[in-house]
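J.: For the record, the sequence lines run as chains V and C.
Heads up: the first sequence begins at 51 in our numbering, then just goes up one per residue.
Heads up: the second sequence begins at 2 in our numbering, then just goes up one per residue.
Take these hints with a grain of salt, some might be off.
As the list claims (entries may be wrong) - Partial chain V-side listing against chain C, Cβ under 10 angstroms, derived: (1) 58; (2) 60; (3) 62; (4) 92; (5) 99; (6) 110; (7) 111; (8) 267; (9) 271.
Bear in mind the hints are in silico, worked out from the structure with no lab data behind them.
Computed from a predicted model, the values in this text were never measured in an experiment.
Here a beta-carbon is modelled for each residue, glycine too, at the ideal position from N, C-alpha and C.
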Amino acid sequence: MKQSQFTERHEPEWLEIESYLDARNRRNVDRPFSPAEFPRRYRRLCQHLSLARSRGYSHGLHQRLEHLVTRAHEQLYQGRRGSLASVVRFVLVDYPALVRREWRYLLAAALMFMGPVLILIPAISIVPEVAFTVLSVEDAASMEEMYSPDLRSRYGREREAETDVFMFGFYVRNNTSIGFQTFVGGALFGLGTVFFLLFNGLHIGATAGHLTHLGYIDTFWGFVSGHSAFELTAIMLSGAAGLRVGMALLAPGAQTRRLAFRDAMQVGVRLMAGAAVLFLAAAFVEAFWSSRAEVPVMVKYVVGVLLWLVTFAYLMLPGREES
Amino acid sequence: MTPTHAAKDAMNDAPRLDTANAVETPEGVELALRVAGPVPRCLAWLLDACIRVVIYILVAMIAGAFGTGGGGLFLLALFAVEWFYPVAFELLNHGATPGKRVLGLRAIRDDGGPLAWTDSVIRNFMRTVDFLPMGYALGIVCMLTHRDFKRVGDLAAGTLVVYTDAADLPPVLPEIQPIAPPAVLLPHEQKTLIDFAERMPRITPERATELARAAGPLIDDAEDPAARLSAYAGWVAGQR
Numbered sequence: 051m052k053q054s055q056f057t058e059r060h061e062p063e064w065l066e067i068e069s070y071l072d073a074r075n076r077r078n079v080d081r082p083f084s085p086a087e088f089p090r091r092y093r094r095l096c097q098h099l100s101l102a103r104s105r106g107y108s109h110g111l112h113q114r115l116e117h118l119v120t121r122a123h124e125q126l127y128q129g130r131r132g133s134l135a136s137v138v139r140f141v142l143v144d145y146p147a148l149v150r151r152e153w154r155y156l157l158a159a160a161l162m163f164m165g166p167v168l169i170l171i172p173a174i175s176i177v178p179e180v181a182f183t184v185l186s187v188e189d190a191a192s193m194e195e196m197y198s199p200d201l202r203s204r205y206g207r208e209r210e211a212e213t214d215v216f217m218f219g220f221y222v223r224n225n226t227s228i229g230f231q232t233f234v235g236g237a238l239f240g241l242g243t244v245f246f247l248l249f250n251g252l253h254i255g256a257t258a259g260h261l262t263h264l265g266y267i268d269t270f271w272g273f274v275s276g277h278s279a280f281e282l283t284a285i286m287l288s289g290a291a292g293l294r295v296g297m298a299l300l301a302p303g304a305q306t307r308r309l310a311f312r313d314a315m316q317v318g319v320r321l322m323a324g325a326a327v328l329f330l331a332a333a334f335v336e337a338f339w340s341s342r343a344e345v346p347v348m349v350k351y352v353v354g355v356l357l358w359l360v361t362f363a364y365l366m367l368p369g370r371e372e373s
Numbered sequence: 002m003t004p005t006h007a008a009k010d011a012m013n014d015a016p017r018l019d020t021a022n023a024v025e026t027p028e029g030v031e032l033a034l035r036v037a038g039p040v041p042r043c044l045a046w047l048l049d050a051c052i053r054v055v056i057y058i059l060v061a062m063i064a065g066a067f068g069t070g071g072g073g074l075f076l077l078a079l080f081a082v083e084w085f086y087p088v089a090f091e092l093l094n095h096g097a098t099p100g101k102r103v104l105g106l107r108a109i110r111d112d113g114g115p116l117a118w119t120d121s122v123i124r125n126f127m128r129t130v131d132f133l134p135m136g137y138a139l140g141i142v143c144m145l146t147h148r149d150f151k152r153v154g155d156l157a158a159g160t161l162v163v164y165t166d167a168a169d170l171p172p173v174l175p176e177i178q179p180i181a182p183p184a185v186l187l188p189h190e191q192k193t194l195i196d197f198a199e200r201m202p203r204i205t206p207e208r209a210t211e212l213a214r215a216a217g218p219l220i221d222d223a224e225d226p227a228a229r230l231s232a233y234a235g236w237v238a239g240q241r
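For reference, chain V alone in the conformation it holds in the complex:
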């Protein structure tokens, strides 16, 4: 068939697909055919493009059909918009199941992060000077000032700021950004992730050990107990996401390194989604609950333990029946 006849015969169809695509995002516009018919029309269009190629029709006709196929392809394969049901399912079923599936990385991240904390606290109670291998004297002084038992109204870092809202913004930006960097650092063969986990573990461990040694028990532990569950879990999840990526780069297994990296990023970013929500929750608790000095310290401890139980139950229990 000659090119002119081909164009003449099929052009009306192409124009209909074009006007269908133009109308796709507008309401109250007449479509030339129903959406149910679109896939069939698209396949015919693909067939036309293949014919045009094999028959050696002109470059201009190619380009025109190719452009139309590209647009239609995108329309047909556009990602399903996350329905509310799929989001709920992700939160209630898929996410905890994903975390459990990647438990090795979570465990590794927990060791790197909580290890220094659990070693430094008893070490500093025996040899107090150890704290100053990590903390500078100024750091230690400002921590002592923040958590001094002499404070009556508020404590924690809030001493420096006037309102809880400001601190909420500060915690969200500061802590969540560190979490994101911990994840993304996995792309440097895991080195970035390991650095952030160890660095934060050492810093938190030294601070906690130092203040415990000074006897600032109720002010410091009372302050951190509320948000500790969410924040520490979020850091460990970020670390797990980063280590997953780093490990894929170091030991890609049967895949090429590039594909292993890509797949690991898709897993990591899902792990990170939960971590981001936990960071937000932690910032909220830290800004609006942890800083309240009028709440009896026992209540704070009880709430802290309850939140740990809730976090643990959420990650351990849902979504088991399907796996």
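Here the structure of chain V is known, so what remains is to put chain C in place on it, guided by the hints.
T.: What follows is chain C alone, placed relative to chain V:
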């Protein structure tokens, strides 16, 4: 690596004339995606950076009215824009931030499909790595050495930045009485003739004549070689 991947890579590994990147759809047709290089992408980034600065200034002005609490709001906005400005636009605006839109670019998946939320988050969060050690140095080196101008974020997410095709006018052959060519033409010769005729309206008459002369014996007696060639083109395209 699946067989299709291998076939595609073999095809793409052949020396290429331009930056067109072939992607095969499930329907078995190939799409040519034209990937964008570092210069338009840097310009798009620069535009987006300017827009972000404007957003920061606006938020600071609004937040300033609320005292210290407003400072908290400002930090929240700063966090949201720092990490999610490109993600939000890419997901809601067909893969294009305002900067990309102005430059005629958009981000898509390697397979030609639109970005999922994970793809967009990955490619944009990875800017932190692309930025290292300073000023996007790693990202630019990676782009310059990669065949499809991918920075680390594009490698991580499996995405490309391509030109959005400006919708060309449909090709039309000039309205001219078709003439049968004096000899039987091979398929690729016929195609060349039609290509020439379709391009004629977009080039100067002098250039058209000059190009037409390359046809040699086909046009030796014609006074207007370009018109003669397009008359032949009409004939081989099937116009009568």
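J.: The structure should be examined with respect to each hint, and the outcome stated for every one.
T.: Verification of the hints:
no.	hint	verdict
1	58	holds (9 angstroms)
2	60	violated (12 angstroms)
3	62	violated (13 angstroms)
4	92	holds (7 angstroms)
5	99	holds (5 angstroms)
6	110	holds (3 angstroms)
7	111	holds (6 angstroms)
8	267	violated (29 angstroms)
9	271	violated (26 angstroms)
Comparing the model with each earlier hint shows violations of hints 2, 3, 8 and 9; every other hint is respected.
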